[in-house]
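Number of protein chains: 2
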Amino acid sequence: MIDKILIPLASDFHIHTRQDALMEMVVPRIIEGGVSLCYVMPNLTPPITTTEQALAYRAQLQSLAPNVTFLMSLYLSSELTPEEIKKAKSQGIVGVKSYPRGVTTNSDSGIENYEIYYPVFRAMEEVGMILNLHGEIPSDPEKDICVLNAEEKFLVHLRQLHQDFPKLKIVLEHATTKASVEMVKSLGDTVGCTITIHHLQLIVDDWAGKCHNFCKPVAKFPHDRQALRDIILEGHPRFFLGTDSAPHPAHLKECAQSCAGVFTTPLALPYLATTLDSFGAIDKLRGFACENGKKFYGIKDDESKSHHEITLVKQKLSVPEFYSFGKFSETRQSFVVPFWAGKDLTWKIETRV
Amino acid sequence: MIDKILIPLASDFHIHTRQDALMEMVVPRIIEGGVSLCYVMPNLTPPITTTEQALAYRAQLQSLAPNVTFLMSLYLSSELTPEEIKKAKSQGIVGVKSYPRGVTTNSDSGIENYEIYYPVFRAMEEVGMILNLHGEIPSDPEKDICVLNAEEKFLVHLRQLHQDFPKLKIVLEHATTKASVEMVKSLGDTVGCTITIHHLQLIVDDWAGKCHNFCKPVAKFPHDRQALRDIILEGHPRFFLGTDSAPHPAHLKECAQSCAGVFTTPLALPYLATTLDSFGAIDKLRGFACENGKKFYGIKDDESKSHHEITLVKQKLSVPEFYSFGKFSETRQSFVVPFWAGKDLTWKIETRV
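First to last, the sequence lines map onto chains Z and G. Under UniProt numbering, the residue at position 84 of the first sequence is numbered 84, and the numbers go up by one with no gaps. Under UniProt numbering, the residue at position 122 of the second sequence is numbered 122, and the numbers go up by one with no gaps.
Hint data in this document are derived by calculation from the structure and do not stem from the laboratory. Be careful, since some hints might not be right.
Since copy identity is lost for identical chains, a pair holds within one copy or between any two.
What the hints assert, rightly or not - Mimicking DSS-like on lysine-lysine, the simulated pairs with C-alpha atoms at most 27 Å apart in a straight line are:
| # | residue 1 | residue 2 |
| --- | --- | --- |
| 1 | K300 | K210 |
| 2 | K143 | K284 |
| 3 | K343 | K210 |
| 4 | K343 | K143 |
| 5 | K314 | K343 |
| 6 | K153 | K210 |
| 7 | K284 | K185 |
| 8 | K178 | K216 |
Could you build all of it, start to finish, from the sequences and the hints given here?
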């Protein structure tokens, strides 16, 4: 039985670091969770659409966590030009994130019109930037499309993009279905896939009426969760950790219309080790969380700060009921409820960084 | 275009009338919603398992709503005997409700063991009592069973029960799937089915992160909703209204783990007319809400108080944001948020009863 692991600090290829008081709480906790490199989502208010915005935001993050490497992305929108792509690349921006809504901005038929972005994708392919896809199409009851099959129905677009841009590195973000795992496996080496910690744990029952487990894409059937676990057990090199950790204050979760997102940043590696161990994949932690993603993104070790090592041990660790931030009049506005609040994990970080 | 309907007061064959202060708010609103006959669920605290309990509860309800006919049911459990069935029938109790949990109480394998209740079902068949089924099997990730397919996986049990007790009247409650509609249609005249108002409106997207639309069974795919609408358009006589109206105080909905249930009682007919009209079935309202259920249950008009007529008109009606009840220290403990709170309905009751 493995009860101790020495690994490099991990990489999280999908994280929401937020703004203002919430950012100030979240960002210092990245390294606490055992992560020293992260790929930052651009969906701020307003979204990060220019190189300048991305660099300014990175400076903020860096000052809050000097020991973490922040890889930045731009938000795909109709304003993004091939020229901006070249500029972004020259300034060290790593990729471009596509959200379903961003795609629908310029067409009634939604994601079908990826083609209007083809000049941008071509520039990205040329300069070597990553395309990150939120892989869902908009719900449409007339076509029997809802949150349960929105990801699966997206996959034809992933395949088409890969066919049209075989050298463009594309990441299908936060895969939740067996169909996605099979599609990514079937495609070439330029297509990767992130998997969150919570999607390795949740099925639809777990977010039915339980707002803190509600996220997008929603967790699906048990056989889908099994497919995510199986691809990690297989040690497939194009699947890697992207937590999609997405904190919201409690009053925006425990209400009539909850924000989507699960918060895992402060305990990322303890959650992940506990999860992988539960299905016999603890020996896959290093590849999944420390190696595969960096290899796919082409990140050399001297570019990141993740050459430090940490020790994980199989010991009980209680997840806090909440993390406080800011100063607000109402209590629930001032804290974030983390994933598995109040429950016990079976792994913890022994040496704090 | 139909913009006015004269119909008898309706029947609701599945209602939760609760206890104490909540009951005192809910029960007088039954007739306000245009309903004068209802079939009352026995899942109180403690559950109604004896004739005495049912009669005592009916007396409470009757005193709060003298103009409503309350049909009572018992909670299926291992304590229920064939003798109690005969006694219940002689005292006017109408049926027995089976919940999944009630079934699992006495067996590890859950609903498979309906056979332990066969002596009770035989007595019910003899004396002419109704068996009401909450048609879901317990989730079991190992077998890929979750809230999304728990109803469909139950249907073999419905078919088996009908085969073994062909003269026993069985109602599959609150059907949510195409599979259920097809199964009920395929079975004999002794098998009926209730459909709620909210399941005619909701799909899975509508309860994802929206606690006031969260109910059990959960609303499913658009094609499932369409099947429920289609069977009403067809005017099938064995499908009828059972609202499953299930009020909870707001603080038990807007929280980390929401109670399941949608509250529709105070505006039952305005909701239903608005809903049916939206898919071209307003002419089916009378059959679905006033006739089919009574016919299936074998209720003669002189047994009920539903021979009064009311007029529905196609006019705007705003759903209240909440209904207050009781006196509690915290505000959210003192109100129930109804279905579609704050939205506009397109039909209202013209003549209040």
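### Message
Of the numbered hints stated earlier in the document, which are not met by this structure?
### Response
Those not satisfied come down to hint 1.
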